[in-house]
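J.: With these hints in hand, go ahead and build the complete structure from the sequences.
10 protein chains.
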Amino acid sequence: MTRNEVTEMIVTHKLRKKLTWLQLAKAIGQSKEWTTAALLGQMTLSAEQAKEIGELLELPTEAIEQLQVVPYKGSLPSSVPTDPLIYRFYELVNVYGTTFKALIHEEFGDGIMSAIDFSMDLQREPDPKGDRVKIVMSGKFLPYKRY
Amino acid sequence: MTRNEVTEMIVTHKLRKKLTWLQLAKAIGQSKEWTTAALLGQMTLSAEQAKEIGELLELPTEAIEQLQVVPYKGSLPSSVPTDPLIYRFYELVNVYGTTFKALIHEEFGDGIMSAIDFSMDLQREPDPKGDRVKIVMSGKFLPYKRY
Amino acid sequence: MTRNEVTEMIVTHKLRKKLTWLQLAKAIGQSKEWTTAALLGQMTLSAEQAKEIGELLELPTEAIEQLQVVPYKGSLPSSVPTDPLIYRFYELVNVYGTTFKALIHEEFGDGIMSAIDFSMDLQREPDPKGDRVKIVMSGKFLPYKRY
Amino acid sequence: MTRNEVTEMIVTHKLRKKLTWLQLAKAIGQSKEWTTAALLGQMTLSAEQAKEIGELLELPTEAIEQLQVVPYKGSLPSSVPTDPLIYRFYELVNVYGTTFKALIHEEFGDGIMSAIDFSMDLQREPDPKGDRVKIVMSGKFLPYKRY
Amino acid sequence: MTRNEVTEMIVTHKLRKKLTWLQLAKAIGQSKEWTTAALLGQMTLSAEQAKEIGELLELPTEAIEQLQVVPYKGSLPSSVPTDPLIYRFYELVNVYGTTFKALIHEEFGDGIMSAIDFSMDLQREPDPKGDRVKIVMSGKFLPYKRY
Amino acid sequence: MTRNEVTEMIVTHKLRKKLTWLQLAKAIGQSKEWTTAALLGQMTLSAEQAKEIGELLELPTEAIEQLQVVPYKGSLPSSVPTDPLIYRFYELVNVYGTTFKALIHEEFGDGIMSAIDFSMDLQREPDPKGDRVKIVMSGKFLPYKRY
Amino acid sequence: MTRNEVTEMIVTHKLRKKLTWLQLAKAIGQSKEWTTAALLGQMTLSAEQAKEIGELLELPTEAIEQLQVVPYKGSLPSSVPTDPLIYRFYELVNVYGTTFKALIHEEFGDGIMSAIDFSMDLQREPDPKGDRVKIVMSGKFLPYKRY
Amino acid sequence: MTRNEVTEMIVTHKLRKKLTWLQLAKAIGQSKEWTTAALLGQMTLSAEQAKEIGELLELPTEAIEQLQVVPYKGSLPSSVPTDPLIYRFYELVNVYGTTFKALIHEEFGDGIMSAIDFSMDLQREPDPKGDRVKIVMSGKFLPYKRY
Amino acid sequence: MTRNEVTEMIVTHKLRKKLTWLQLAKAIGQSKEWTTAALLGQMTLSAEQAKEIGELLELPTEAIEQLQVVPYKGSLPSSVPTDPLIYRFYELVNVYGTTFKALIHEEFGDGIMSAIDFSMDLQREPDPKGDRVKIVMSGKFLPYKRY
Amino acid sequence: MTRNEVTEMIVTHKLRKKLTWLQLAKAIGQSKEWTTAALLGQMTLSAEQAKEIGELLELPTEAIEQLQVVPYKGSLPSSVPTDPLIYRFYELVNVYGTTFKALIHEEFGDGIMSAIDFSMDLQREPDPKGDRVKIVMSGKFLPYKRY
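Residue numbers (the working numbering), protein chains in the order written: chain X, 1 to 147; chain Z, 1 to 147; chain B, 1 to 147; chain U, 1 to 147; chain A, 1 to 147; chain R, 1 to 147; chain L, 1 to 147; chain H, 1 to 147; chain V, 1 to 147; chain G, 1 to 147.
To be clear, the hints were calculated from the coordinates, so they are not data collected in a lab.
Simulated crosslink set (DSS-like; lysine-lysine; CA at most 27 Å straight-line):
(1) R:K129 - A:K134
(2) G:K51 - G:K17
(3) U:K18 - B:K145
(4) B:K134 - B:K18
(5) V:K26 - G:K134
(6) G:K145 - Z:K134
(7) G:K17 - H:K51
(8) X:K51 - X:K18
(9) B:K145 - Z:K26
(10) A:K134 - H:K129
(11) U:K134 - B:K134
(12) B:K51 - X:K14
(13) L:K134 - H:K145
(14) B:K134 - B:K14
(15) Z:K18 - Z:K134
(16) U:K145 - A:K26
(17) B:K51 - X:K17
(18) B:K14 - Z:K145
(19) H:K51 - H:K18
(20) L:K14 - L:K26
(21) V:K134 - H:K145
T.: Right, here's the structure in full:
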């Protein structure tokens with residue numbers, strides 16, 4: 001049983017049991033963002049978290065073991081995503097990529113925003129002209145080491 | 001004079017005049033995020049904004065005209081960016097792409113977060129363990145039309 | 001059972017039962033364009049629509065559940081399509097892409113035609129020199145937000 | 001002087017002379033869609049049309065000659081376009097590609113919609129919820145020859 | 001059963017029954033070129049033709065049904081073919097591509113040779129220095145429509 | 001001066017002098033197909049042929065020298081051509097590739113049709129339903145050597 | 001059973017029976033180079049050779065039939081090989097490609113070295129500083145036909 | 001002046017001075033294979049060799065300096081070469097790649113043939129049925145280190 | 001059973017038996033780096049080593065045989081890796097590639113660092129500001145042969 | 001003047017002035033690894049360092065300014081490098097990529113080795129069987145944040 005098969009099984013069982021990502025997240029005491037990423041094969045669960053999820057979703061032992069192994073990350077089937085929702089994020093990187101770079105360097109100097117020491121929060125932002133998706137990202141600035 | 005040449009000229013003149021993106025943004029009354037994107041060839045300036053920038057950066061008339069034309073967007077030289085700072089954003093799309101999709105659909109149903117009716121704010125977030133980059137994105141949710 | 005397997009099953013069962021896309025569309029009260037896209041794995045059905053289609057095509061429960069899940073969109077196996085009928089549409093984008101851009105910007109300013117708040121109608125256009133395919137597309141214009 | 005250089009020159013001169021694509025189209029008695037495509041390097045002008053455009057945009061003789069030569073077509077710098085406006089059309093091909101195929105085959109049998117014996121009309125469609133872009137495409141159906 | 005599986009089954013059964021493409025073509029009253037393409041998943045058979053082939057090759061009902069459905073065309077596993085025989089044709093397009101273009105435009109003006117209203121004949125051409133492959137292609141010229 | 005620059009110069013001078021490919025071919029006593037390919041940078045001229053062409057098109061000595069050097073072949077700017085006329089030939093390889101292979105192997109056994117010991121003739125084929133492009137290709141069959 | 005499955009079966013059975021490629025080659029009276037290529041899915045065996053190999057490796061009838069069919073050639077899973085041994089040959093083409101071209105043209109004029117009328121011999125070359133791999137390639141020179 | 005410009009200059013001057021690769025090789029006391037590769041930008045000349053070549057080809061001092069710098073190697077403009085002569089070598093790697101691997105491993109065990117401690121000899125092999133190109137390659141076998 | 005299936009089986013059995021890579025390495029008397037690479041399908045085990053691993057991980061005979069065959073190397077599913085840990089190494093090659101080249105040539109002249117006669121050691125480097133990964137690579141310098 | 005042009009100028013002037021990377025590094029008080037990367041366009045110099053280098057290499061003011069700007073990083077012209085020396089490092093990532101991942105996760109848990117808080121040392125390692133290149137890499141381990 002590969003990790004991809006575990007992910008497919010999680011998606012199917014979650015649908016059948018009518019559980020939300022938020023409910024699964026609360027069950028293991030993590031944010032919905034981290035939990036969803038983990039269950040979609042991008043993060044590593046602790047033994048207890050894996051057991052908890054395994055019970056909620058009725059996963060076999062082998063799947064519960066797999067959830068504790070660090071996965072080979074990358075959730076997209078092609079380097080330029082075809083799904084319109086995900087493509088919009090790729091488009092933001094394409095349109096705003098050099099802007100991110102210019103503004104972070106102006107504020108911090110040479111370095112990067114970590115994608116590892118990173119957290120994220122996604123919320124509905126009510127708006128009379130149509131509700132909005134609000135995403136707050138926070139990543140540690142890492143300066144390039146001189147040596 | 002192509003738009004790329006205008007962008008290169010802006011970067012060079014800005015460097016020589018020791019102006020920041022923030023100062024340029026204030027001069028035209030827009031956010032630093034939108035202004036930087038515009039000056040890096042991704043957005044369209046009004047006639048007055050273009051004139052203002054043209055004076056600050058001593059651009060020739062042809063460049064000022066070009067800034068008012070809608071550009072062919074996309075700021076990266078390759079579909080997978082090689083620059084480490086920009087790559088981290090690509091990586092976030094790759095690792096969290098299916099998570100964005102799952103959570104937005106759970107909250108809003110089928111549709112996307114607009115990358116057009118969109119705004120962004122990038123700030124330094126002080127932190128004793130090392131300051132962080134904080135990015136707040138806000139995009140209108142657009143539901144798929146049924147017909 | 002993945003969504004791709006549901007799509008293959010729909011195509012096979014439709015063939016065997018000699019149903020047309022138009023008949024399936026009428027059964028769920030949507031246009032033939034939206035319905036075909038949905039049944040080919042690109043749109044999301046309501047619970048009733050999924051049930052209706054499930055009965056007409058004798059689909060198993062799992063397939064009916066899947067039709068209510070937002071799919072990972074993108075219907076083509078390669079970024080440049082090899083099928084001649086579909087390639088002609090890609091060719092139109094390639095030949096007329098900059099024309100679409102120039103004319104929409106001339107009429108509306110900077111922004112895009114939405115592919116989400118979008119509808120389409122495909123009809124036979126009788127013509128003595130040979131009938132024609134007539135496609136009417138209608139997408140909301142979305143102006144780039146300044147901020 | 002290559003055809004690309006002619007195209008760049010046309011875009012620059014048109015900007016300076018504040019002419020619209022529609023005005024250029026009227027001057028040569030063709031639709032704005034065909035004319036824009038031709039001036040962006042995708043179609044071939046007659047000797048008179050080239051002369052007319054040459055005078056309006058003050059092009060050198062060499063450019064006027066080039067406009068009468070059949071160009072190497074394809075207006076995009078990459079196989080998947082990065083510009084958001086153009087990408088939306090690529091996305092429509094990606095999401096609706098198999099739908100186009102299914103519906104045209106259902107109506108006409110095996111064959112294609114011609115991208116050569118083809119015309120197009122792009123208009124503003126007023127709408128209280130926000131104006132829309134309306135595109136009408138008409139292409140001859142070409143059945144696959146059996147032999 | 002997908003169309004690819006039908007194609008593989010046809011190739012296997014033809015081998016076992018020691019039938020040639022020419023014999024199969026004669027059985028359905030079409031040329032060997034069209035018939036081979038159809039049986040390799042590129043063209044659509046009529047109900048009678050599919051039944052005839054089904055009997056000759058002992059295909060199951062599902063395969064016979066599939067042969068009457070318009071296939072997703074494109075017979076090669078990669079955009080640049082690796083098989084030496086097929087690559088030589090790709091090489092001809094690469095080496096002679098601009099020559100085809102120049103000569104067809106010189107003779108006919110702007111337009112294309114149709115690959116749909118098209119037929120082909122492949123024969124052995126005896127030659128004392130070594131027999132040759134002779135291919136005659138005939139495609140309708142389609143002029144670009146002006147509008 | 002690179003070979004590409006020689007090719008561009010030939011195309012420009014030919015246009016200015018209103019010469020056809022056929023006239024150039026007759027001047028050097030070769031077919032229009034071979035001559036066009038040679039002048040578009042795919043074949044090698046003899047010293048006399050290069051001198052003849054050089055006089056007709058008023059080429060500088062350096063260009064005449066270059067025409068006698070074996071060029072780096074391949075006339076297309078991308079592995080999948082974007083020009084519709086040339087793409088149709090690529091499409092024929094894609095749709096009929098496995099058919100070419102099956103029929104040549106049925107007639108000749110394992111081997112290829114040479115693209116080197118090869119000639120081609122392109123003619124207008126009058127037809128009341130619309131004239132056709134007729135292309136006759138002849139390439140030596142080369143059997144795979146066993147050793 | 002596809003040809004790839006036949007190849008995998010040959011590799012597995014050969015391992016189990018502890019036979020070498022050289023022994024298999026001798027059994028069918030061909031060189032080890034041609035035989036290995038054939039058994040790895042790149043060449044076509046005669047009926048007797050296929051039978052002989054089938055007995056030695058205990059292959060089923062279907063596999064023996066497949067070995068007599070001309071395969072779709074190309075033995076590598078990616079256009080740039082990842083395996084270090086095979087990559088070194090790709091590197092030689094990359095580093096020495098223009099050298100092969102320059103020297104063959106200097107000696108023979110315009111044309112190619114055939115990869116079809118071709119043979120190869122691979123031997124150990126003893127050397128006190130470390131044994132060497134010696135490969136002798138021999139391919140017929142094919143001059144470009146003028147017509 | 002980049003190394004590519006040096007290479008282009010060498011090719012042009014060699015043509016004008018009617019020197020062969022063999023003559024250039026003899027002048028510096030190396031094989032024609034190594035010398036051609038070096039002059040085409042793939043190897044590094046000693047100071048004396050560079051001076052010798054510089055005099056023969058009348059190169060400027062800057063070019064002579066460049067010839068002594070280790071170049072960024074790789075002589076082809078695309079990962080799959082389009083030139084038919086060079087493609088045949090790529091095809092040999094594609095068709096025989098797994099054969100090279102199988103036979104070298106059978107003879108030597110796990111390791112590679114070096115492309116660095118490597119030499120090559122290319123000769124005309126007279127043959128009544130048409131002369132052949134004979135290439136002898138010799139590369140040191142390097143076993144994978146165990147540690 | 002392909003080598004990929006052997007690798008998946010090793011990963012699964014190792015997880016179930018709670019063995020570390022270090023323990024497996026000690027069992028066969030090699031370094032943890034070489035052993036891990038070997039068990040992940042990149043190196044070749046001796047008969048004894050394969051037997052030892054087979055017993056520890058309870059592998060079937062066929063898997064034990066496969067471990068003694070030289071594998072088709074290359075452990076990544078895409079040419080640019082998506083996994084963040086592995087991508088960082090790719091990034092180092094991208095950012096420092098020309099630096100490696102410049103410094104090795106400055107020290108050694110033209111040649112390469114062998115990736116075959118190569119060993120590696122990976123250790124934890126304790127550091128009060130956060131522990132570090134220390135990797136020591138050692139590869140034989142191979143000078144380009146002149147001939 | 002782009003950063004690439006600055007890099008080319010540095011390489012040319014360094015050659016003419018016969019300076020080594022090590023000498024340049026000492027002049028600015030950094031390691032030879034960091035300095036070479038910086039001068040090849042991958043790191044950012046301080047004002048004093050840029051001035052120092054500018055004097056040593058006689059760079060114009062504009063180049064000295066550019067050296068203080070954070071560059072768009074990535075030093076390779078293609079995603080898979082063609083230069084043999086650099087390719088060997090890419091090969092190490094390809095062959096050992098999953099090994100790096102397995103061993104770092106075994107030692108540290110889920111996270112990465114930083115390529116930003118990173119240093120490197122490259123030395124000659126004398127060896128009677130042929131000197132070796134020794135590279136010591138040290139990167140901070142960054143654990144994935146849970147939230």
